[in-house]
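Got chain U sorted already, so can you dock chain L onto it with the hints?
In the order they appear, the protein sequences are chains U and L. Numbering of the first sequence is given in our numbering, commencing with residue 1 and proceeding in unit increments. Numbering of the second sequence is given in our numbering, commencing with residue 1 and proceeding in unit increments.
Treat the hints with care, since some could be wrong.
As the list claims (entries may be wrong) - Lysine-lysine pairs mimicking DSSO-like chemistry, simulated, CA-CA at most 30 Å apart: (1) L:Lys-69 to U:Lys-57; (2) U:Lys-57 to L:Lys-79; (3) U:Lys-14 to U:Lys-44; (4) U:Lys-44 to L:Lys-57.
Said to hold, decoys possible - Covered stretches of chain U (chain L as the covering partner; in silico rule of three or more C-beta atoms under 8 Å from a C-beta of chain L): (5) 36-43; (6) 46-58; (7) 103-114.
Derived from the structure by calculation, the hints contain no laboratory data. Cβ atoms here follow ideal geometry from the backbone N, Cα and C, with glycine treated the same way.
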Amino acid sequence: NAGVTQTPKFRILKIGQSMTLQCAQDMNHNYMYWYRQDPGMGLKLIYYSVGAGITDKGEVPNGYNVSRSTTEDFPLRLELAAPSQTSVYFCASNPSRDRVHNEQFFGPGTRLTVL
Amino acid sequence: EDQVTQSPEALRLQEGESSSLNCSYTVSGLRGLFWYRQDPGKGPEFLFTLYSAGEEKEKERLKATLTKKESFLHITAPKPEDSATYLCAVQPPPGNKLTFGGGTRVLVKP
Numbered sequence: 001n002a003g004v005t006q007t008p009k010f011r012i013l014k015i016g017q018s019m020t021l022q023c024a025q026d027m028n029h030n031y032m033y034w035y036r037q038d039p040g041m042g043l044k045l046i047y048y049s050v051g052a053g054i055t056d057k058g059e060v061p062n063g064y065n066v067s068r069s070t071t072e073d074f075p076l077r078l079e080l081a082a083p084s085q086t087s088v089y090f091c092a093s094n095p096s097r098d099r100v101h102n103e104q105f106f107g108p109g110t111r112l113t114v115l
Numbered sequence: 001e002d003q004v005t006q007s008p009e010a011l012r013l014q015e016g017e018s019s020s021l022n023c024s025y026t027v028s029g030l031r032g033l034f035w036y037r038q039d040p041g042k043g044p045e046f047l048f049t050l051y052s053a054g055e056e057k058e059k060e061r062l063k064a065t066l067t068k069k070e071s072f073l074h075i076t077a078p079k080p081e082d083s084a085t086y087l088c089a090v091q092p093p094p095g096n097k098l099t100f101g102g103g104t105r106v107l108v109k110p
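So here's chain U without its partners, still in its complex pose:
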C-alpha cells in the first residue's frame, strides 16, 4: 500500500490565484481530513469527511473548499489565495469508527507559499 499520498510537494502561488491540493489513500478508509500547520505550531483541522459525498467544516475552513466523490480521493481547493494561507498542508485518513485502531495516518504534506 502507498498509504496517504499528496501532490504537489511544493507550490508557490500569487495572491488571487487558485489551486487544488490532491490527496489520495489506498487503505479503504472512510474518514479523511485536511490540516494546516504553521511554523512552530500544531495542526489545525480545515475540513473532514466521514465518507464519499459527506464533508464538514473543521476549525479553520474559511478560504477553502473540499469535495469527496470517491472513498480514495479528498481534494482541497483554494479559490483566491492569500498570504495567510502560506502553510504546510497535511491530509490524513482514519481506518475505523471504533475505539480500537483509531489513529490517523498522515501524508507527507504540501508546502504552499502565497506571494
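Here is chain L on its own, set in the frame of chain U:
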C-alpha cells in the same frame, strides 16, 4: 472549547539524559489521547493511543502515561535518532476529529 497545551516548547538533551514531555488538556469527555512523532519536512507518525486514566504504553525508549488532566511522554536514555517534534492530540466526542497541541521539539546531542 477543547484545548491542548504542550510543554516545554523545546528540549535539548544529551544522549542518555532521560526526560519527560507534558501534554495538558481540557476536553469535554475524552475518547482518546494520541502521541505522534514528526520529523522535519514529514507528516506526523503515530506512536500511541491512551484511552483512560492510569493507562501506560511503551515503545522502545518511549513511555506514555495518562491522568485525568494530562499525559506525559517519558524518553529514557535518548539517542540522537529520537530528535523530532512530538505532538499530542485529544479526541473528544463525537466523531474522530483530533485537537492538537503545539508540539515539543526535542534535540538529542551525542
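Results for each hint:
| no. | hint | result |
| --- | --- | --- |
| 1 | L:Lys-69 to U:Lys-57 | 27 Å, holds |
| 2 | U:Lys-57 to L:Lys-79 | 40 Å, violated |
| 3 | U:Lys-14 to U:Lys-44 | 23 Å, holds |
| 4 | U:Lys-44 to L:Lys-57 | 26 Å, holds |
| 5 | 36-43 | holds (count 4) |
| 6 | 46-58 | holds (count 3) |
| 7 | 103-114 | holds (count 7) |
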